[in-house]
Amino acid sequence: MTRPSFIGSVRGEAIKVTRQLSFWLMLAGGLVLLGITVVGINTAGQIQDLAKGFPSDFARQMMDLYGTVFQIGSGILILIVGSRLIAMEYSSGTIRIAYARGVGRLQLLLSKMTLLALMAVALLAGYLLVVSGLVAALYASWTGNLLTFDKIGSDVWQDFQYWLLVQAMSMGIAILLAAAAAGLGRSLAFAMAASLAFFPIDNFLVGIMALTARATKNQWPWTNITEYLLGPNLNVVLGLIEPDHRALGAFAPPLNKIDGTHALVVIGVWAVVFIIIAVGRAVRPDVLE
1 MTRPSFIGSV
11 RGEAIKVTRQ
21 LSFWLMLAGG
31 LVLLGITVVG
41 INTAGQIQDL
51 AKGFPSDFAR
61 QMMDLYGTVF
71 QIGSGILILI
81 VGSRLIAMEY
91 SSGTIRIAYA
101 RGVGRLQLLL
111 SKMTLLALMA
121 VALLAGYLLV
131 VSGLVAALYA
141 SWTGNLLTFD
151 KIGSDVWQDF
161 QYWLLVQAMS
171 MGIAILLAAA
181 AAGLGRSLAF
191 AMAASLAFFP
201 IDNFLVGIMA
211 LTARATKNQW
221 PWTNITEYLL
231 GPNLNVVLGL
241 IEPDHRALGA
251 FAPPLNKIDG
261 THALVVIGVW
271 AVVFIIIAVG
281 RAVRPDVLE
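Sequential numbering of the sequence shown, starting at 1, is according to this note's numbering.
Simulated from the structure, these hints should not be mistaken for lab results.
It is possible that part of the hints are untrue.
Okay, the calculated beta carbon distance ranges per label pair [as the list claims (entries may be wrong)]:
{"hint": "1", "residue 1": "Ala189", "residue 2": "Ile275", "range": "20 to 28 Å"}
{"hint": "2", "residue 1": "Asn224", "residue 2": "Asp155", "range": "32 to 40 Å"}
{"hint": "3", "residue 1": "Val283", "residue 2": "Gln219", "range": "37 to 45 Å"}
{"hint": "4", "residue 1": "Leu146", "residue 2": "Pro243", "range": "20 to 28 Å"}
{"hint": "5", "residue 1": "Val32", "residue 2": "Ala215", "range": "39 to 47 Å"}
{"hint": "6", "residue 1": "Ala189", "residue 2": "Leu33", "range": "21 to 29 Å"}
Cβ coordinates follow ideal geometry from the N, Cα and C atoms, glycine included.
Using the sequences provided together with the hints, build the complete structure.
Following this line, the structure appears as structure tokens:
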């Protein structure tokens, strides 16, 4: 029997995703959320004043606002689709069929993660196209034309590169978290629940640590713990690595002051942990061939 190719495995995973009604419903929900955001921005007088007098500040404000919307929306989409795509094989028992057809353990996992990565890139590219058009339309309606766009400083475009890096990093972490949750639980329900609950719990812990430090009148170790939580570091990493602009995170930051290097290292360590869990459980699974 011919062993399935890696490209063929990725194509098969793509068919599974595109045939899921929930995937298309989530995309539609994302468009609705984007529309609500545009309406809110259109009614904000302060942003209109920025567009007319300070194009660079306007561009940064748009990156912060639309970046937060994308980070939340894409994260939820990837966590749901990813955990379902990887864990459904265990819950339905079809993983035995895949192994029997000659698909390698790592090949199966990597094909799913490759599809999720391609989907993430497509999401980001599509989002940039749509948002760029919307922002340009709003800017033109407020200022009368797009000619003043050339007044946007080069430092803004440099910040945009950091913005892209952090968005890619966030989506990569979401993919790895979904894979780790699916591998750890071997259950569709567990994978979806664990992956979706991870970041809310992570951010909620910051408040718990702050209250504990206040109640005990001791900063250590409570505030120090927040320096190593994944969510809070992701929340502030963009503002820490941008040289000329400090983007404000939408959620809880670490309670102690950290720098960009610290945030990147913590995020990297968490990524390695997720990889070890996902790959380790794939190589040494509970399922026997």
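*Output the numbers, in ascending order, of every earlier hint that fails for this structure.*
Those not satisfied: there are none.
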